[in-house]
Amino acid sequence: MDSDSATTHRVNESREPIIVADGVTKIFGEGETKVEALRGVDLAVMPGEVVLVMGPSGSGKTTLLSILGALLKPSSGRISIAGIDVTTLSERRLPNLRVRELGFVFQDFNLLSALTAVENVQVVMDFAGVAHAESRQRAERLLGDLGLSGRLSFLPEKLSGGEKQRVAIARALANDPAVLLCDEPTANLDSKIGHDVVAHLRRIADEREKAVVIVSHDERIKSHSDRVLWLEDGQFKEMRTMAVDPVCGMAVERETAPARLELDGETYYFCSRGCMREYQEGIAAR
Amino acid sequence: MAVPVARRNLFQSRARLIISVGGIALAALLVLVLDGVFAGSEKDVTVFMDNTPFDLVVSQRGVRNLHMTTSFFPEQALRSIEQVSGVERVDPILFTTTFLIAGDLPTQRGLAYLIGYEPGRLGGPWAWAGRPVELGPDEIVIDIRAAEDFGVSVGDEITAAGRDLRIAGLAEGTTSIVNSISFVTFEGFQRAQGVSGTVSFALVLLRRDENPAAVADRIQAAVDGVTVQTRADFAESERRIVSDMSIDIMRLMNIIAFLIGLSVTGLTVYVATLAKVREYGLMKAIGARNSRLFRLVIGQAAMSLGLGLSLAVAVALVLQVALGAAAARIPMVVEPESIARIIAGATVIGLLGAVIPVARVAGLKPADVFRR
Ligand SMILES: Nc1ncnc2c1ncn2[C@@H]1O[C@H](COP(=O)(O)OP(=O)(O)OP(=O)(O)O)[C@@H](O)[C@H]1O
Ligand SMILES: [Mg+2]
Chain A
1 MDSDSATTHR VNESREPIIV ADGVTKIFGE GETKVEALRG VDLAVMPGEV VLVMGPSGSG
61 KTTLLSILGA LLKPSSGRIS IAGIDVTTLS ERRLPNLRVR ELGFVFQDFN LLSALTAVEN
121 VQVVMDFAGV AHAESRQRAE RLLGDLGLSG RLSFLPEKLS GGEKQRVAIA RALANDPAVL
181 LCDEPTANLD SKIGHDVVAH LRRIADEREK AVVIVSHDER IKSHSDRVLW LEDGQFKEMR
241 TMAVDPVCGM AVERETAPAR LELDGETYYF CSRGCMREYQ EGIAAR
Chain B
1 MAVPVARRNL FQSRARLIIS VGGIALAALL VLVLDGVFAG SEKDVTVFMD NTPFDLVVSQ
61 RGVRNLHMTT SFFPEQALRS IEQVSGVERV DPILFTTTFL IAGDLPTQRG LAYLIGYEPG
121 RLGGPWAWAG RPVELGPDEI VIDIRAAEDF GVSVGDEITA AGRDLRIAGL AEGTTSIVNS
181 ISFVTFEGFQ RAQGVSGTVS FALVLLRRDE NPAAVADRIQ AAVDGVTVQT RADFAESERR
241 IVSDMSIDIM RLMNIIAFLI GLSVTGLTVY VATLAKVREY GLMKAIGARN SRLFRLVIGQ
301 AAMSLGLGLS LAVAVALVLQ VALGAAAARI PMVVEPESIA RIIAGATVIG LLGAVIPVAR
361 VAGLKPADVF RR
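Here the protein sequences come in this chain order: A and B. The first sequence begins at 1 in this note's numbering and counts up one residue at a time. The second sequence begins at 1 in this note's numbering and counts up one residue at a time.
Keep in mind that the hints were calculated from the coordinates and are not lab data. Treat the hints with care, as some may be off.
Stated by the list, open to error - Computed beta-carbon distance windows for the label pairs:
no. : chain 1 : residue 1 : chain 2 : residue 2 : range
1   : A       : 248       : B       : 260       : 51 to 57 Å
2   : A       : 238       : B       : 363       : 40 to 46 Å
3   : A       : 207       : B       : 363       : 46 to 52 Å
4   : A       : 250       : B       : 310       : 54 to 60 Å
5   : B       : 310       : A       : 129       : 31 to 37 Å
To be verified - The following residues of chain B were derived to be distant from chain A, with all beta-carbon distances above 12 Å:
no. : residue
6   : 61
7   : 128
8   : 322
Just so it is clear, the structure is predicted and the values come from calculations on it, not from any experiment. Here a beta-carbon is modelled for each residue, glycine too, at the ideal position from N, C-alpha and C.
Sequences and hints are given; from them, build the entire structure.
Structure (structure tokens):
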């Protein structure tokens with residue numbers, strides 16, 4: 001996938017958004033320990049669209065993803081998934097929504113360690129009441145699509161990180177949900193493998209018209225995304241003003257960066273003088 | 001058929017399988033063995049009653065058992081008993097508790113019941129180690145285990161009730177945790193103890209189809225100064241008196257073992273479930289219903305309980321045979337009630353151990369799967 005794919009993937013504008021978040025706030029705790037993790041977040045994601053959410057640590061990314069995935073109730077605001085108002089749905093009906101409309105991909109894969117690759121995919125079809133023979137066939141096909149035909153009966157412990165994450169993606173797709181929610185899907189993978197995983201997600205969005213929301217610090221995912229959103233202090237902010245510290249990876253505002261460095265016509269922003277010094281020493285060492 | 005998650009979880013790692021199934025099996029085995037030894041010992045206490053086929057026993061008034069009692073009543077009473085309607089036959093025995101002394105070593109003496117019986121009538125040895133013998137008045141039959149302990153055998157002399165007697169034969173299966181039983185002839189007993197004209201117990205056989213309780217009442221009414229009991233009551237009194245004295249401690253040990261067994265079982269299942277609780281949370285997040293999670297942990301617990309308990313019962317039955325074999329002298333009887341009790345207890349506790357940690361997951365919001 002080339003670097004300007006963001007512009008080549010046109011999203012069908014005439015469609016209804018599959019994910020709608022409307023004025024979502026989330027408050028944890030109260031009094032002294034009160035944390036406003038989200039403050040009035042609005043978001044709409046179309047089928048086939050890949051949205052990347054970036055932002056500093058603690059900015060509320062995981063919280064947002066959990067709320068979109070109906071794993072957490074917002075303090076206020078509204079979420080609808082595939083036209084279903086999730087916020088008013090009873091606890092009893094949530095499993096059905098999760099299993100049919102949502103697919104999750106996690107940073108640390110979260111496969112069931114006692115099940116083989118194909119069983120890990122099948123098990124969510126069990127939750128949806130799919131017959132065994134059919135679930136087997138579908139799981140094999142999904143894993144085959146992700147290049148895992150030779151790994152069907154491997155236990156997770158025998159799979160590489162990239163293979164595990166592809167099994168997780170197959171599992172997320174098992175019941176053909178409208179939405180894929182991915183939290184740091186590449187963080188535990190080396191860069192080549194991480195790139196493959198994102199390429200798979202991109203392809204899935206295109207071919208299967210899935211809405212994909214990825215939370216990540218990984219800059220390279222930008223090129224595969226239709227949109228990049230910057231979440232900070234529980235709110236979406238302008239992306240332009242932000243830069244990433246090349247040493248520690250922290251997001252820093254360009255205007256207020258504690259340290260900056262001009263080098264060969266490029267400007268680098270740092271979270272601290274320490275990071276800048278480390279960067280300079282690194283360059284000197286080369 | 002769905003993906004067998006419970007089975008996969010259970011058999012995932014050999015170490016964990018051994019710990020959970022083995023833990024349950026060991027806990028149950030502990031209980032079954034102690035129960036079995038308890039039951040075996042309790043059974044042994046009444047070997048005489050259990051193996052001598054009388055219907056009623058008549059004793060000196062107030063005497064209801066053998067252990068630590070003496071019973072004497074006049075020989076003439078036997079005539080009166082014989083005349084009670086419904087009585088077929090009356091066989092007298094003489095009885096005392098004595099020390100058998102085979103030598104000077106401390107291991108060469110032991111407590112024994114001494115029973116004097118009329119050869120050919122009830123009250124004598126019922127199982128022989130070796131050839132059955134006709135006893136003469138200066139001869140004695142002792143238990144084979146006692147003989148082995150004392151280092152004596154047939155033909156040797158042994159002191160019983162203050163007299164030297166020749167060991168004429170060896171009886172089998174008359175040893176209990178309290179003592180063994182030795183036998184002399186009625187006449188031999190009279191000589192040894194210098195008694196005559198009295199008997200200790202009259203063993204009564206009834207005519208066919210007679211009601212034991214009714215005949216007992218008739219004997220009681222016809223004969224002064226005696227107590228009449230059925231064989232079952234006689235055995236029950238014996239059991240009770242011994243259990244009041246020594247088996248109580250064993251019963252307490254059994255209760256403690258049962259509680260320990262249940263705790264180990266509950267904890268084993270609890271730990272096995274807890275080890276997977278994060279995965280159960282994940283399953284919930286990706287769409288499993290609570291009912292599915294409960295079915296899963298209950299299935300897994302039921303499998304490990306089934307395997308563990310079966311193993312325990314199998315080993316206990318093997319032990320029962322092995323311990324009952326001549327060399328090992330531990331009486332052990334695995335009773336169905338004992339098996340039923342541990343299975344019921346372990347199942348209840350085991351399922352609680354599985355359900356409690358999952359109830360927490362079920363009650364939880366599943367958002368935690370994104371947290372590390
Ligand atoms: N269950 C909770 N209880 C209390 N506070 C919470 C809870 N979950 C999250 N928070 C707080 O909400 C804020 C946002 O957390 P969140 O995990 O969404 O951040 P994040 O953007 O995912 O961070 P990271 O990039 O480090 O994963 C943090 O200040 C966090 O401490
Ligand atoms: Mg996070």
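Which of the numbered hints above does this structure break? 3
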